[in-house]
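Participant: One line per chain: the protein sequences are A and B, in this order.
Residue 28 is where the first sequence starts when you use our numbering, and the numbers rise one by one after that.
Residue 28 is where the second sequence starts when you use our numbering, and the numbers rise one by one after that.
One or more hints might be untrue.
Pairs involving identical chains hold if they fit within one copy or between any two copies, as the list cannot separate such chains.
[What the hints assert, rightly or not] Calculated lysine to any residue pairs in the SDA-like style (CA-CA distance at most 20 Å, straight line):
# : residue 1 : residue 2
1 : Lys357    : Asp269
2 : Lys56     : Thr421
3 : Lys648    : Asp67
4 : Lys538    : Asn580
5 : Lys630    : Ala151
6 : Lys462    : Asp500
Derived from the structure by calculation, the hints contain no laboratory data.
Number of protein chains: 2
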Amino acid sequence: MKPNSLKFRQTVLATLVAAACSSPAMASKTVSWEDILNDDKTTTDVLSYGLGLKAQRYSPLTRINTKNVDNLVPAWSFSFGGEKQRGQEAQALVHDGVIYVTASYSRIFAIDARSGKRLWEYEARLPEDIRPCCDVVNRGAAIYGDKIYFGTLDASIVALNKDTGKVAWKKKFGDHKIGYTMTGAPFVVKDQKSGKVLLVHGSSGDEFGVVGWLFARDPDTGEEVWARPMVEGHMGRLNGQDSTPTGDAKAPSWPEGPDGKKVDAWNHGGGAPWQTASYDVEKNMVVIGAGNPAPWNTWHRTKEGDDPRNWDSLFTSGQAYVDASTGELKGFFQHTPNDAWDFSGNNSVVLFEYKDPKTGKLVKASAHADRNGFFFVTDREKLTNGAGYPNKPTSLIGAWPFVEGITWASGFDLKTGKPIEKGNRPQLPKDGAEKGESIFVSPPFLGGTNWMPMSYSQKTELFYIPANHWAMDYWTEKLTYKAGNAYLGQGFRIKRLFDDHVGTLRAMDPKTGKIVWEHKEKFPLWAGTMTTAGGLVFTGTSDGYVKAFDAKNGKELWKFQTGSGVVSVPITWEMDGEQYIGIQSGYGGAVPLWGGDMADLTKQVTQGGSMWVFKLPKGFKG
Amino acid sequence: MKPNSLKFRQTVLATLVAAACSSPAMASKTVSWEDILNDDKTTTDVLSYGLGLKAQRYSPLTRINTKNVDNLVPAWSFSFGGEKQRGQEAQALVHDGVIYVTASYSRIFAIDARSGKRLWEYEARLPEDIRPCCDVVNRGAAIYGDKIYFGTLDASIVALNKDTGKVAWKKKFGDHKIGYTMTGAPFVVKDQKSGKVLLVHGSSGDEFGVVGWLFARDPDTGEEVWARPMVEGHMGRLNGQDSTPTGDAKAPSWPEGPDGKKVDAWNHGGGAPWQTASYDVEKNMVVIGAGNPAPWNTWHRTKEGDDPRNWDSLFTSGQAYVDASTGELKGFFQHTPNDAWDFSGNNSVVLFEYKDPKTGKLVKASAHADRNGFFFVTDREKLTNGAGYPNKPTSLIGAWPFVEGITWASGFDLKTGKPIEKGNRPQLPKDGAEKGESIFVSPPFLGGTNWMPMSYSQKTELFYIPANHWAMDYWTEKLTYKAGNAYLGQGFRIKRLFDDHVGTLRAMDPKTGKIVWEHKEKFPLWAGTMTTAGGLVFTGTSDGYVKAFDAKNGKELWKFQTGSGVVSVPITWEMDGEQYIGIQSGYGGAVPLWGGDMADLTKQVTQGGSMWVFKLPKGFKG
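Using the sequences and the accompanying hints, generate a full structural model.
Facilitator: Structure, rendered in structure tokens:
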């Protein structure tokens with residue numbers, strides 16, 4: 028043993044830490060489909076991303092409530108360890124006294140929910156040449172049977188025995204060298220026709236010019252059941268065979284070039300469904316947001332000399348309804364046709380019902396707050412009925428701005444479902460110029476909101492959107508596709524919109540589009556929200572706080588400083604007669620990498636990587 | 028901006044995080060010598076390593092006490108950030124509402140004590156070829172005037188403006204390439220003769236064969252006032268000139284080789300005073316532990332064919348009393364003569380007084396729990412009187428084992444001050460063999476205790492020693508000195524001593540040598556202790572807990588799981604009418620690097636890096 032250099036000891040320590048570490052296997056309860064189906068109602072576990080199939084992130088728990096939340100204290104914390112920090116963006120799961128949480132660099136931990144003790148850890152061995160656009164994050168796992176599932180940055184999905192952390196299977200679904208990756212949490216649904224439970228997940232990689240795919244797999248073996256590409260005219264698969272093209276085989280929403288062939292962008296067209304689905308059990312429909320078209324540059328997806336508004340780049344930047352039995356795209360509503368701003372359409376599509384204030388009838392709707400600044404309520408019945416071309420007729424019920432200062436559109440035409448654009452597309456470079464003229468755009472591509480999921484309270488009937496006010500200077504750049512390189516065709520610089528704040532947590536009434544309350548934050552909001560029957564909204568802030576608000580009026584009732592930025596998603600559950608709140612701390616994600624002036628602002632935030640669990644103090648009465 | 032590779036983005040992020048980040052300068056109170064002198068009595072600040080010049084780590088605070096400590100909750104946490112974790116071994120300082128805490132990789136943070144917000148951070152730019160033997164730790168800072176002082180792994184000491192974090196001066200005191208480094212906290216004393224305040228600090232590096240030095244500097248400029256080498260016969264410095272040799276100029280405790288010159292080991296003899304001093308104001312004496320002789324191999328420091336017990340390798344592995352005015356070595360008691368086991372003698376020498384049970388007279392004593400397993404009480408008056416050869420006459424009052432199973436000595440002869448050895452020195456390799464025969468040794472070189480400081484309660488009159496039960500297989504190896512290489516000449520493997528525990532927190536009566544109580548831990552104890560007038564002992568555990576014990580009987584009254592191993596030193600202070608406890612979490616140090624079977628045991632502990640602050644809950648009554 029020769030302590031001859033720091034490097035030597037770093038290697039030693041790295042080896043120690045990377046070594047698999049598993050406690051003796053414990054036989055514990057398995058997770059059934061019924062458990063998942065009832066996840067939104069049961070309080071002792073958290074079995075799905077979204078805290079239920081509708082992704083409402085609403086808990087019926089009331090023990091912690093507006094009256095006592097200011098007494099909340101940490102029960103324990105757990106450090107993800109390693110010399111690996113960066114962004115911690117996951118939502119944890121809880122089952123049978125065990126917390127399953129993913130962490131940066133494709134790691135997953137099973138932690139004893141009572142003590143904070145690590146039960147096992149799995150860390151993917153990542154190749155050097157992975158291409159995550161927006162930090163080495165992971166957003167969570169799925170659980171079913173005796174297995175835990177999560178995606179890795181080298182475009183794989185892994186199934187692990189939930190009690191031991193041992194790999195059951197691992198499937199690579201794309202070439203990480205050209206940009207395929209996986210950061211979203213997978214999701215479990217049950218095909219109501221065949222009775223087969225399916226593991227659904229998407230790919231990431233729109234910034235590198237890959238076609239986005241949604242996959243359904245046998246959770247036991249990992250074998251693909253169906254796969255759906257999100258670029259119009261690309262061919263799907265079912266049971267290992269070609270199935271149907273996505274939309275129209277001729278892809279009329281993508282132009283041909285002068286040579287009569289589809290423009291090159293169509294081959295690399297993006298639309299990655301990189302976040303997590305929700306599921307309409309009644310209609311057997313997987314609901315998922317589709318990513319931005321690739322490249323970002325609108326003119327690569329517009330017929331030369333034509334108006335970009337004539338070319339929709341389907342099925343990107345919208346909400347997709349995919350048949351769980353076949354993987355066919357049945358319905359689609361596009362939030363940003365021919366998206367010129369990287370608004371994408373990925374973030375959560377929440378399923379909810381409400382009584383129409385005029386007719387008194389129950390409306391089955393979907394809600395989505397888009398990076399483009401608009402909050403959409405769509406008619407889920409129309410979108411799931413599966414008749415005809417999936418982007419017509421319009422299913423739009425309402426589209427309201429949820430942030431100030433939107434520059435690209437003044438609103439949406441409810442008859443056509445199309446935005447009323449304000450001429451804010453960046454123009455092509457003038458003859459001889461390398462770059463187009465810079466224009467001012469708000470929201471910027473980082474979005475009015477982003478990946479961080481909103482929540483919906485069945486009690487207040489409001490949505491709680493983690494939103495941001497910011498903008499960008501934006502210009503076109505020349506571009507040709509090169510495998511593995513960024514495929515944008517745009518340049519940008521993120522800027523401030525208001526002096527006093529960036530983040531704005533907003534409560535939105537989905538029946539009226541009214542902002543009922545807002546809470547401002549100096550730093551960007553990059554954490555999801557959760558709401559409870561206790562009348563609370565929980566979220567985290569980039570300057571390290573976990574916070575609770577009164578769901579009715581937005582009053583800040585409690586905060587705790589965790590030491591690094593909080594950009595993850597809160598959960599809650601009940602155990603031994605007490606209610607717990609769980610969330611991760613660890614700053615990172617897209618903002619410090621791409622956030623321009625906002626990246627500068629958040630330089631003062633230190634990195635971290637830990638799970639935090641809160642409860643009312645020992646012996647608390649009241 | 029091209030998101031073309033993970034490496035690129037890692038570099039981007041590393042740059043962002045490494046960037047200096049300082050808030051606007053705030054004018055705040057400066058720290059006077061009187062503030063430091065009274066540190067053990069004042070409750071609103073922590074101004075010295077040891078919580079006072081005597082290093083007793085005793086606080087008169089009683090708000091948190093045996094009755095209410097089980098209600099303690101975190102007030103906030105702060106993440107040290109970076110992709111730099113490893114061991115966090117510091118003791119923090121508190122002044123004027125600001126916490127100053129050092130972290131792994133030679134970092135120091137100023138944190139708002141109320142909010143946990145970072146005020147500034149300084150990170151030394153470390154060269155690649157540093158040689159810290161036992162992790163990239165730092166044990167704390169010193170404060171005086173408007174400056175904060177701490178040591179860096181490249182053998183430098185840095186002074187920073189305490190309000191801005193800007194470097195005031197930086198002094199390199201040794202060549203890091205040959206093994207000089209600095210991990211201990213510096214210490215501020217005041218030469219009672221000249222009235223000059225001095226910044227005292229030592230060097231580290233005994234495992235690489237460098238001579239250990241103790242330095243005193245002008246805290247304003249960093250200029251050396253005096254310097255004292257710890258190997259007998261080496262020459263000291265005073266005001267830039269040669270002063271006096273350490274001990275006898277002829278170094279009779281080191282043998283000559285067959286060539287008539289001192290053995291080569293004498294040139295590289297170790298004795299580094301790498302921990303922090305205490306200070307006897309009355310006698311104007313800096314009290315410091317001296318490290319192990321180099322190399323570890325006893326035969327390199329023994330005259331060929333002679334008994335090692337005839338060669339003491341002075342002034343190593345003992346407690347040293349150094350005149351604050353001149354840097355002269357005035358007194359010395361050696362815990363392990365001709366140390367064959369790397370027991371060293373560094374850890375805290377605590378100054379205390381007690382009434383002799385027989386005579387009723389006040390005894391001014393020093394207490395030290397050594398890695399060699401014995402707890403020493405020495406006569407401080409004898410040791411500070413400065414007459415004659417510093418290792419004679421014996422000043423030993425008592426030497427009692429504080430751990431079980433000591434193999435190397437059965438006890439100490441109070442007349443001679445020498446150990447009664449049990450023939451447990453590893454023997455030279457037999458002719459032709461590369462290694463000596465392996466022997467079983469307990470404690471192992473990791474010690475019955477180690478660097479982690481004990482505390483002394485003025486209330487219970489007990490010492491609280493963070494101790495460990497373990498052992499090692501141990502054998503000699505052939506060795507020649509090569510600059511920058513490990514200089515041990517020994518091989519080892521750390522092993523278990525008992526099945527049920529490693530750590531044992533022990534309360535020792537310094538008048539009788541009786542173990543009044545003990546608390547066992549499954550994992551090694553590697554955190555310091557602190558005790559309070561509230562009747563409590565605080566410490567941390569390698570499996571992540573901060574714990575509080577009843578100082579009278581060792582009953583565990585409270586624990587909190589921080590998520591990574593706790594191997595730092597607790598502090599306490601009062602602010603806004605509340606009492607706070609501060610400690611850092613972040614596993615590392617020597618055990619995971621050198622701990623053999625114990626390193627394996629602690630593999631399950633994740634790394635971390637955070638400051639934790641605890642208090643009674645909001646609105647707590649009782």
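Participant: Now look at each hint and say whether the structure bears it out.
Facilitator: Quick rundown of the hints versus the structure:
1. For the homomeric pair Lys357 and Asp269, the shortest alpha-carbon distance inside one copy (17 Å) is at most 20 Å, but the shortest distance between copies (90 Å) is not.
2. In this homomeric assembly, Lys56 and Thr421 never come within 20 Å of each other (Cα to Cα): the closest approach is 45 Å inside a single copy and 67 Å across copies.
3. When the C-alpha separation of Lys648 and Asp67 is checked against a cutoff of 20 Å, the pair qualifies neither within a copy, at 28 Å, nor between copies, at 38 Å.
4. Taking identical chains as interchangeable, the C-alpha atoms of Lys538 and Asn580 lie at most 20 Å apart only when both belong to the same chain, with a minimum of 17 Å there against 64 Å between chains.
5. Taking the shortest alpha-carbon separations for Lys630 and Ala151, only the inter-copy value of 18 Å comes in at or below 20 Å, while the best intra-copy value is 28 Å.
6. In this assembly of identical chains, the alpha carbons of Lys462 and Asp500 lie at most 20 Å apart only when taken from the same copy (13 Å versus 70 Å across copies).
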